[in-house]
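Undergrad: Sequence:
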Amino acid sequence: MSQSPRSAPDRSVSPKPKRRGVFRRLARGTLVLLAIVGIPFGLYVTWVSHQLPSVSRLGEENPERTNYMRLAISEGQLPENFAVTWLPLSSMSNALVCGVVKAEDTIFFQHRGFNYRQTLLAIHGRLNGRVVGHSTITMQLARNLFLGPEQTFERKLREILLTRDLEREVPKQRILQLYLNIMELGPGIWGVGQASQYYFQKQPAQLDAFEGTLLAAIAPAPRQPLEGPNRERARKKQASVLWRMFISGLLGPEQYQSLALRHQVLFQALEKGVSLQEALRIPTPADVQPPPVPFRVVTEEIPEERMLEESCGYRSELGYYTGPNPVPKF
Numbered sequence: 001m002s003q004s005p006r007s008a009p010d011r012s013v014s015p016k017p018k019r020r021g022v023f024r025r026l027a028r029g030t031l032v033l034l035a036i037v038g039i040p041f042g043l044y045v046t047w048v049s050h051q052l053p054s055v056s057r058l059g060e061e062n063p064e065r066t067n068y069m070r071l072a073i074s075e076g077q078l079p080e081n082f083a084v085t086w087l088p089l090s091s092m093s094n095a096l097v098c099g100v101v102k103a104e105d106t107i108f109f110q111h112r113g114f115n116y117r118q119t120l121l122a123i124h125g126r127l128n129g130r131v132v133g134h135s136t137i138t139m140q141l142a143r144n145l146f147l148g149p150e151q152t153f154e155r156k157l158r159e160i161l162l163t164r165d166l167e168r169e170v171p172k173q174r175i176l177q178l179y180l181n182i183m184e185l186g187p188g189i190w191g192v193g194q195a196s197q198y199y200f201q202k203q204p205a206q207l208d209a210f211e212g213t214l215l216a217a218i219a220p221a222p223r224q225p226l227e228g229p230n231r232e233r234a235r236k237k238q239a240s241v242l243w244r245m246f247i248s249g250l251l252g253p254e255q256y257q258s259l260a261l262r263h264q265v266l267f268q269a270l271e272k273g274v275s276l277q278e279a280l281r282i283p284t285p286a287d288v289q290p291p292p293v294p295f296r297v298v299t300e301e302i303p304e305e306r307m308l309e310e311s312c313g314y315r316s317e318l319g320y321y322t323g324p325n326p327v328p329k330f
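Number 16 in the UniProt record's numbering belongs to position 16 of the sequence shown; there are no gaps in the numbering.
No lab work stands behind these hints: they were computed from the structure.
One should not assume that every hint holds.
Listed next, the in silico EDC-like pairs over lysine to aspartate or glutamate satisfying Cα-Cα at most 20 angstroms (straight line) [unchecked claim]:
#, residue 1, residue 2
1, Lys237, Glu61
2, Lys172, Glu278
3, Lys202, Glu310
4, Lys156, Glu304
5, Lys237, Glu271
6, Lys329, Glu232
7, Lys156, Asp208
8, Lys329, Glu304
9, Lys236, Glu61
10, Lys272, Glu309
11, Lys172, Glu271
12, Lys237, Glu167
13, Lys202, Glu271
14, Lys202, Glu227
15, Lys156, Glu167
As the structure is a prediction and not an experimental result, all values here were calculated from the model.
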């Protein structure tokens, strides 16, 4: 008897759940989570935004004092009748203004309140145990005018929202003028007007690039004497800002060498314990050769009267750092 051929085994398996369904559920869950977190956070941001002071008046109005000044008055560090002496940008030398911009916020004229690259560098620095500044001039103005030194999430959120409002409603040069008039530059010294008189016995319009960059080097730690680590920090800061002004075309080669020599003489005197006021009066020795310019820089020199028009030489500096040029260490 012939046998019927054996039937092939049924190799079919039960269908697996489709990946599309998994992705849909995952996407749906993500949207639900975002809604749960995002809607309350959005309402919170809106509530905080409505509590903020209006900044539109700052386009023309000069406030008598900042919130930081009020704190200093309450702590007895300033007299109760202290008020800012306001100066227009036209009463400040462009070398002073651009020295501060180069030190504090080199892309000030290009950004809309935030330097995202510097913020990422600051986050990376913190993760590696280093403190890297990331606040723009506009952020510092918002903090000094309206906020305080406390480190809280709400204070940082207020700073971000105020920075956004300042950039929307106040012109760039006005923001710069406000900042230069209220920045702290020593114990009880606020604004470049007071600082120019205190350190150099000059008006701000008379300051040269050396004096302007020295004020910018003092600004990060204005209440600390120029001793020890703070002196070394200020030395590196001024040296790097003078270099950046040079590669931006704001200083010519001979002028840069002359100011670099003054810088060297000043900080050598400070290292020996000479006071800042006395060190500033030390003449530059005539028989000392200025330090050589270490790298060839091909940059068109920008006259001082055009420095602000040229965004403090931003394009020239950008071209230097994006090209095949070595960067000195200070």
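Undergrad: Please go over all the hints and tell whether each is borne out by the structure.
TA: Taking the hints in turn, this is what the structure says about them:
Annotation: proposed proximity of Lys237 to Glu61 is violated, straight-line Cα distance about 33 angstroms (limit 20 angstroms). In summary, the hint linking Lys172 to Glu278 is not supported, as the alpha carbons are separated by about 37 angstroms, beyond the 20 angstroms threshold. Restraint check for Lys202 and Glu310: not satisfied, since their Cα atoms lie roughly 26 angstroms apart, outside the 20 angstroms limit. With a C-alpha separation of about 37 angstroms, the suggested pairing of Lys156 with Glu304 is violated against the 20 angstroms cut-off.
Proposed proximity of Lys237 and Glu271 is supported: the alpha carbons are some 16 angstroms apart, at most 20 angstroms. For a cut-off of 20 angstroms, the pair hint linking Lys329 to Glu232 stands: about 13 angstroms separates their Cα positions. Distance hint between Lys156 and Asp208 is unfulfilled; the C-alpha atoms sit about 35 angstroms from each other, more than 20 angstroms. Simply put, Lys329 and Glu304 have alpha-carbon atoms about 27 angstroms apart, too far for the 20 angstroms limit, and the pair is violated.
With a C-alpha separation of about 37 angstroms, the suggested pairing of Lys236 with Glu61 is violated against the 20 angstroms cut-off. Pair hint Lys272 plus Glu309 does not hold up; C-alpha atoms about 41 angstroms apart against a cutoff of 20 angstroms. Simply put, Lys172 and Glu271 have alpha-carbon atoms about 38 angstroms apart, too far for the 20 angstroms limit, and the pair is violated. At most 20 angstroms may separate the alpha-carbon atoms for a hinted pair to count; Lys237 and Glu167 exceed this at roughly 27 angstroms.
Restraint check: the Cα-Cα separation between Lys202 and Glu271 comes to about 25 angstroms, which exceeds 20 angstroms; the hinted pair is violated. A distance of roughly 24 angstroms separates the Cα atoms of Lys202 and Glu227; the hinted pair therefore is violated under the 20 angstroms criterion. Taking the CA atoms of Lys156 and Glu167, the gap is about 17 angstroms. The hint holds against a cut of 20 angstroms.
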